[in-house]
Amino acid sequence: MKGAIFNALQEFVEQGHGYQVWDDALTNNTLASHGIYTSTKQYDDSELFAIVGYLSERLEVPVSDLVRAFGVFLFPRLMPQAPEEAQKAPSLRAFLMTVDELIHVEVKKLYKDAQLPEFNYDDHIDDKLTMIYRSPRKLCFLSEGLILGAADHFKETVSISQNCCMHQGAECCEIEVTFNG
Amino acid sequence: MDNNEAEAKVAALERILERERLARKEAEKQLEDYTRELYQQEEAVNHTQQEVASQQGQLEFLTGLLAETWRQPNLQKIVANYLERTNNFMSNAHNLFVEIHADLSFHQFQYYCQASKQQSEILPEQYKVVLSQLNRNKLYQYVSSESESQMYELGEISKAPNTNFEYSVMVPLYNLDVPSGKAVGIAILLYESQDDINIVKLQTLESSRSMLAVAIERKRAEEALQERLVELETSNKMLEQTQQQLLQQEKLASLGQLAAGVAHEINNPIGFVLSNLDTMRDYFSDFSEIIAPLNNAELNSESKVDNMLSQWQTLDGDFLLSDSEEILVASVQGLIRVKDIVSDLSTFSRMDNDELDSIDLNVVIEKSLNVVSNEFKYHHQVVKDLLPEANILGNAGKLQQVFINLFVNAKHAMPEGGTLTISSKKDRNKIVVTVKDEGHGIDPSHLADIFTPFFTTKAPGEGTGLGLAISYSILQQHNAKVTVNSELGVGTEFEIAFFESL
Ligand code: HEM
Numbered sequence: 000m001k002g003a004i005f006n007a008l009q010e011f012v013e014q015g016h017g018y019q020v021w022d023d024a025l026t027n028n029t030l031a032s033h034g035i036y037t038s039t040k041q042y043d044d045s046e047l048f049a050i051v052g053y054l055s056e057r058l059e060v061p062v063s064d065l066v067r068a069f070g071v072f073l074f075p076r077l078m079p080q081a082p083e084e085a086q087k088a089p090s091l092r093a094f095l096m097t098v099d100e101l102i103h104v105e106v107k108k109l110y111k112d113a114q115l116p117e118f119n120y121d122d123h124i125d126d127k128l129t130m131i132y133r134s135p136r137k138l139c140f141l142s143e144g145l146i147l148g149a150a151d152h153f154k155e156t157v158s159i160s161q162n163c164c165m166h167q168g169a170e171c172c173e174i175e176v177t178f179n180g
Numbered sequence: 000m001d002n003n004e005a006e007a008k009v010a011a012l013e014r015i016l017e018r019e020r021l022a023r024k025e026a027e028k029q030l031e032d033y034t035r036e037l038y039q040q041e042e043a044v045n046h047t048q049q050e051v052a053s054q055q056g057q058l059e060f061l062t063g064l065l066a067e068t069w070r071q072p073n074l075q076k077i078v079a080n081y082l083e084r085t086n087n088f089m090s091n092a093h094n095l096f097v098e099i100h101a102d103l104s105f106h107q108f109q110y111y112c113q114a115s116k117q118q119s120e121i122l123p124e125q126y127k128v129v130l131s132q133l134n135r136n137k138l139y140q141y142v143s144s145e146s147e148s149q150m151y152e153l154g155e156i157s158k159a160p161n162t163n164f165e166y167s168v169m170v171p172l173y174n175l176d177v178p179s180g181k182a183v184g185i186a187i188l189l190y191e192s193q194d195d196i197n198i199v200k201l202q203t204l205e206s207s208r209s210m211l212a213v214a215i216e217r218k219r220a221e222e223a224l225q226e227r228l229v230e231l232e233t234s235n236k237m238l239e240q241t242q243q244q245l246l247q248q249e250k251l252a253s254l255g256q257l258a259a260g261v262a263h264e265i266n267n268p269i270g271f272v273l274s275n276l277d278t279m280r281d282y283f284s285d286f287s288e289i290i291a292p293l294n295n296a297e298l299n300s301e302s303k304v305d306n307m308l309s310q311w312q313t314l315d316g317d318f319l320l321s322d323s324e325e326i327l328v329a330s331v332q333g334l335i336r337v338k339d340i341v342s343d344l345s346t347f348s349r350m351d352n353d354e355l356d357s358i359d360l361n362v363v364i365e366k367s368l369n370v371v372s373n374e375f376k377y378h379h380q381v382v383k384d385l386l387p388e389a390n391i392l393g394n395a396g397k398l399q400q401v402f403i404n405l406f407v408n409a410k411h412a413m414p415e416g417g418t419l420t421i422s423s424k425k426d427r428n429k430i431v432v433t434v435k436d437e438g439h440g441i442d443p444s445h446l447a448d449i450f451t452p453f454f455t456t457k458a459p460g461e462g463t464g465l466g467l468a469i470s471y472s473i474l475q476q477h478n479a480k481v482t483v484n485s486e487l488g489v490g491t492e493f494e495i496a497f498f499e500s501l
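Protein sequences, first through last, are from chains A and B.
Quick note on numbering that gives the first Met the number 0: the first sequence kicks off at 0 and runs consecutively.
Quick note on numbering that gives the first Met the number 0: the second sequence kicks off at 0 and runs consecutively.
Derived by calculation from the structure, the hints in this document are not laboratory data.
Check the hints yourself; a few may be wrong.
Keeping only pairs whose Cα atoms sit at most 27 Å apart, straight-line, the calculated DSS-like set for lysine-lysine is [stated by the list, open to error]:
| # | chain 1 | residue 1 | chain 2 | residue 2 |
| --- | --- | --- | --- | --- |
| 1 | A | Lys40 | B | Lys28 |
| 2 | B | Lys28 | A | Lys111 |
| 3 | B | Lys24 | A | Lys111 |
| 4 | B | Lys28 | A | Lys108 |
| 5 | B | Lys425 | B | Lys435 |
| 6 | A | Lys107 | B | Lys28 |
| 7 | A | Lys40 | A | Lys1 |
| 8 | B | Lys24 | A | Lys40 |
| 9 | B | Lys383 | B | Lys338 |
| 10 | B | Lys435 | B | Lys424 |
Just so you know, these numbers come straight off a predicted model, no measurement behind them.
I would like the entire structure built from these sequences, with the hints used as guidance.
Okay, structure coming up:
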C-alpha cells in the first residue's frame with residue numbers, strides 16, 4: 000500500500016478523532032515502518048490492517064464502516080491525480096467505467112510497484128452498474144466509500160449494496176451501484 | 000487538563016513531529032536519489048544520442064558511398080565520388096588521390112580541399128609540395144605490400160619537412176595490372192595537426208575500403224565483360240556473314256556442278272549426232288552418184304537402170320541403206336536425250352531467297368501425292384503420318400517438284416509393290432519430313448553419288464540422272480538439310496529438315 004494512503008488515513012483520523020488517536024494507533028502496534036510514511040513509498044498491507052483494526056476497536060466502529068468512511072474522505076484527494084479524460088467524465092456512471100481500464104492503468108504506469116484491484120463491470124441494466132471487485136487485499140468497503148465520494152463529486156445520489164462479498168467467502172465482491180439521479 | 004494528560008499530549012505531539020521529520024528526510028532522500036538517477040539517465044541518454052548520431056553519420060557515409068559507387072560509370076568517377084564523400088565525412092582532413100605506377104610515376108591527381116569543399120583542375124601549391132616531397136619508393140613499397148590504411152607522421156614518408164601538414168593517412172584503394180606493370184590507387188588524407196584526427200571516423204573509412212575494392216573489381220569486370228560482349232557480337236556478325244557466304248558459295252557450286260554435267264551430257268549426243276550427220280553427208284553423195292544416170296539424157300531407160308545397178312554394186316548400196324537407217328535412229332535417240340535434259344533443266348531455275356514464302360508443307364505433300372497417285376494405285380500403299388500444322392519458309396512449286404521426284408524414285412525402287420511412308424515431326428525449330436520406301440535400297444558405294452548430276456543406276460533412257468541433283472539443289476536453296484538412310488533389300492529413307500516459319 001502506498002505511503003500516500005497512510006498519509007490520507009492519518010489526516011482522516013486526526014481530523015475526526017485527534018492526533019492522539021493516530022499516535023496511539025502507531026505506538027500500540029509493532030510496525031516495520033515505525034509509523035513513518037512517505038507518500039511515494041510502498042508499505043506492507045498488514046500495517047494498514049493493523050492500524051484499521053486498532054482504530055475499529057478503540058472507536059467502537061465496525062471495520063467496514065470505518066474503511067467506507069475513509070474511502071469517502073480519500074476520494075477528493077485521489078481525484079486530482081486522475082487522468083483528465085476520467086475527470087471530464089460526463090456522469091458518475093461514465094466515470095466509474097474508467098476506473099479499471101484508465102485510472103488504475105495510469106497509476107500502474109506511474110508506480111510500477113502499485114498494488115491495484117481488478118474491476119469487471121456488469122452494465123446491462125440502465126440505472127444500475129455492478130462493479131465486480133477482485134483483490135487479495137479485500138478492500139471492497141474502501142471501494143464503496145470511494146464510489147460514494149465520487150457520487151458527491153458528480154453531485155449524484157446512489158445506493159450501494161453487495162450481492163456477494165469476499166469477506167463472506169465469495170471469490171469476488173459484486174458491488175451494485177444504483178443511480179438515483 | 001491535568002499534568003499527566005498534558006504530558007501525554009506533548010509526548011504524542013513530539014512523536015508525531017519526529018515521525019513527520021523522519022518522513023520528510025526520507026522524502027528528501029528519495030528526491031535526491033531520483034534527481035541523481037534522473038541526471039544519470041540524462042547523461043546516458045545524451046551519450047547514446049551522440050553515439051547514435053555518430054553511428055548514423057558513419058552509416059550514412061557507408062551506405063551513401065556504397066549506393067553512389069555502384070552508380071558510377073567508371074573507375075575515375077568512382078574515385079572522384081569517393082573523394083567527395085570522404086571529404087564531407089572527414090571534416091578535418093584534406094583529401095588527395097594519386098595513382099602511382101611501378102616506375103614510381105604519379106598519375107591521375109585528384110583532390111578535395113577542405114576550405115572550399117570544391118574541386119578544381121589546378122592542384123593547389125600546398126598539395127603540390129606534399130606530393131613532390133613524398134618518398135615515392137617508400138609509398139609504393141608500402142601500398143603494394145600492405146592492404147590496410149596506414150597513418151604516418153608526414154616526416155616519415157617525405158624527403159623534406161613540411162610546414163603545412165603534420166600527419167597523413169595513406170588509404171590504398173586499388174591495385175591494377177596495367178600495360179606498364181602495376182598501378183596502385185591511394186587516397187591521401189592530410190592533417191594539419193594531430194588533434195584533427197578522428198580515429199573512429201578513420202575506422203569507418205577503413206571499413207568502407209573493402210566494399211570499394213569489390214565495387215572497383217566489379218566495375219572492371221563489367222567493363223571487361225562489356226568489351227567481350229562487343230567482341231562477341233562482332234565475331235558473331237562475321238560468323239553469320241561467312242555462313243551466308245558459304246551458303247551462297249555452296250549454292251553456286253552445286254549450280255556449277257550441274258552446269259558442267261549438263262554441258263558434258265549434252266555434248267555427248269550432240270557430238271555423235273554431228274559425226275552421224277557427217278557420215279550421212281558422205282552417204283548422201285554416194286546415193287547421188289548411184290542415182291546420177293537417172294538424169295543422163297544420152298542414155299535410154301534400159302542403160303540407165305544398168306548403170307545405176309552397177310553403181311549400187313560398186314558403192315555397196317545395201318550397206319549404205321541399212322547403215323543410214325541405223326545412223327538416223329541413233330541420231331534421233333541422241334536428240335531425244337538432249338531434249339529430255341533440256342526439259343528437265345527448264346523446270347529448274349535459280350531461286351532467290353525472296354521467293355520463299357510461309358507455306359504449308361502438308362499441302363505441298365498432298366499435291367505431290369495427287370500427281371503421282373496413279374503410279375501407286377495398284378501394287379503400292381501410301382501411309383501418311385503428318386503433323387497437323389507444318390509451316391515453313393519455302394517455294395511451294397519447287398518443293399512439289401522435289402517430293403514428286405522422291406515419290407517416283409520410291410516407286411521405281413519398289414517394282415514389285417510396297418509401302419511408301421511419309422511422316423513429319425518437330426525437332427525444336429525444325430520440321431523434319433521423312434519419305435521412306437521398302438525398295439531395293441541404295442548400294443553403299445553409290446550413296447555418296449546419288450545427288451551428283453547424271454549419276455543414275457537406271458537403264459539408259461529411263462532417267463536423265465538429274466532428278467535428285469535438281470531436288471538437292473532446290474533443298475539447298477531452302478537451307479534444308481537432307482539425310483539418306485538406306486539398306487540394301489530393306490529400303491531407303493530420305494529425311495529432310497526444314498526451318499519452321501513463325
Ligand atoms: C470510484 C473510483 C475508484 C475505486 C472504486 C477505486 C478502488 C481502489 C481500491 C479498492 C484500491 C485498493 C487496492 C486494492 O483493493 O487492491 C485502490 C488503490 C488505489 N487507487 Fe483507486 N479507485 C478509484 C479511483 C481512483 C482514482 C480517481 C485514483 C487516482 C489516480 C486512484 C488511484 C489509486 C491508487 C494510487 C491506489 C493505491 C495503489 C497502491 O497502494 O499501490 N483510484 N483503488
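Hint check:
no. : hint                : in the structure
1   : A:Lys40 - B:Lys28   : 12 Å, holds
2   : B:Lys28 - A:Lys111  : 19 Å, holds
3   : B:Lys24 - A:Lys111  : 23 Å, holds
4   : B:Lys28 - A:Lys108  : 22 Å, holds
5   : B:Lys425 - B:Lys435 : 17 Å, holds
6   : A:Lys107 - B:Lys28  : 23 Å, holds
7   : A:Lys40 - A:Lys1    : 6 Å, holds
8   : B:Lys24 - A:Lys40   : 13 Å, holds
9   : B:Lys383 - B:Lys338 : 36 Å, violated
10  : B:Lys435 - B:Lys424 : 14 Å, holds
Taken one by one, the earlier hints fail for this structure only at number 9.
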